[in-house]
Amino acid sequence: MSQHQPFPVFSRLLHWLMAILILAMLFIGIGMVASVTDYHWLVSIHKPLGILILVLAVIRLINRLINPPPALPAEMPAWQRWVAHASHILLYVLMIVLPLIGWAMLSAAGNPVVLYGALHLPAILPHDAMLYALLRQTHTVLALLLFALILAHFAAALLHALIFRDGVFQSMTTGQRR
Amino acid sequence: MPPDKSSPYDLAVLRQGKMLRRLVGIGIIIGASALCFAAVAGWLSPDKVTPASFVNGFQQANGIHPGFRRNHAKGVCIAGSFASNGQGVRLSKSVIFQPGTTPVTGRFALAGGMPMMADGPKAVRSMALSFRPANGEEWRTGMNDIPVFPFPTPTDFYEQMQAAMPDPATGKPDPAKLKAFVDNHPKTAQALKAIGAKPFSSGFADASYNSLDAFRFVNEAGTVTPVRWTMAAVDPFVAQNPEQSAAGDKNYLFDGLAARLKQGPVQWHLIVTIGQADDPTNDATVIWPDDREKVDVGTLTIDHIASEADGNCRDINFDPLVLPNGIEASDDPLLSARSAVYSRSFTRRAGEDKTPSAVQIDNAAKEP
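In order, the protein sequence lines correspond to chains H and G. Using my numbering, read the first sequence as starting at 1140 and increasing by one per residue. Using my numbering, read the second sequence as starting at 452 and increasing by one per residue.
No wet-lab data here; the hints were simulated from the structure. Source: prediction; values computed, not measured. None of the hints are false.
If you want the footprint, here are the derived chain H segments under chain G, 3+ residues with CB under 8 Å:
1. 1174-1183
2. 1244-1250
3. 1269-1279
Just some of the chain G residues that point at chain H, by a computed CB distance under 10 Å:
4. 458
5. 473
6. 481
7. 484
8. 586
9. 609
10. 775
11. 792
12. 795
13. 801
Heads up, the beta-carbon is just placed ideally off N, CA and C, and yes, glycines get one too.
Hey, can you work out the whole structure from these sequences and the hints?
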């Protein structure tokens, strides 16, 4: 049961870097929409950080194809393996889709997508207020779903570390088999 | 496949007290994380003043008018161009201040959350503009024809809004509450005096519009200059005739603008006022001294007018913090608040069904 292989070092680095960025992003996002005087500087971070996460998520997806993750322990019940796989697919989908919806909704709002100074992105959708409203709502709902999914992911990681003690947690941390 | 006794996934391990305690520990960690998130989201502090509180306040005061802005609700779309004379280059590196012409779309409106309100002598007029240089950047600015803003902070604005809420008994604001607010807010009292001392013009075309908030211009060398700006009317100022409002035309200001535009384009000079070290950039209630250097950086020409419609100025959020490289926000707390509240108002109205605006311009040939 402690035969579990660790993730490649680059995969682990990407995982923990993105964990920090995505958590920061979710807290900034939910905080800024409730902020009056802090709104502007939080939005100014939210936009470029979202695009950075999008770029990293694509790199991570490519890295996953080149360096596949280790298989889950064979003793793990089938339903748990299924939940693990499905939740990881959903995590990847949200990491990529959430920034894209943010970019798309600003485009539909007719707002420039300013990253920093003169650096800005082109619109990816036509100016359409109704479409903006729909995407804006979707952005919030999916962000809440991502946060819930991250909590579940965190809970599962702790279960592996403290209760199952099957090496799955360590495969993403120290890389030690136990 | 039933788990055998050696499987780490057998939930029977939870019969051990140690494992059960660990499970509870995991639950506490996850619960605490969720609680942190809820706290940042403001879900644990329902009394917190958020951008939504402001928008709700406008709705409470004015009623809900689906599809319309929650403030500056009555308006009309305009378009034209800005011809820069190059005098602004020493202050800001924005391409808009390079010698040349930038297309502009915009909106004239009346302050207030009633989209069908009658034009009147006490209505504050606003000019909102979106400069669209060829490089894909954008500069949006919302200006008013008053010399100062009545509130130094968003909190003051919110408190006044609450004090001005119509009394359910009379349907009108309680004058005692309004007076109490002004008595307790000397900056507001002073600003209202300045606003009252300046006569309104007879129309939109001969009015001058002020940024009110301060901004920072940054030039190519990185030098930061605190500024405010004014769109100063080229049309000679004619003081408003108080009889005008009684004439029976609910849209006399907007109709006057349309009539004026039929005679030809209307122009304004963009005058940038340069603040000195002592001039407050974080207090829009205070006028900067008259002797501050003023730079005429170019001419705005408006030659198109159209009713609000799909995809035109109606669907633009004139967020004053949509800025090009070379213009930055100052430390004025109103700026972030405006950005946040406009965004919330825009999100609400964007998703609502639209009905025709009060101001209907009859000039199919003049669509911007």
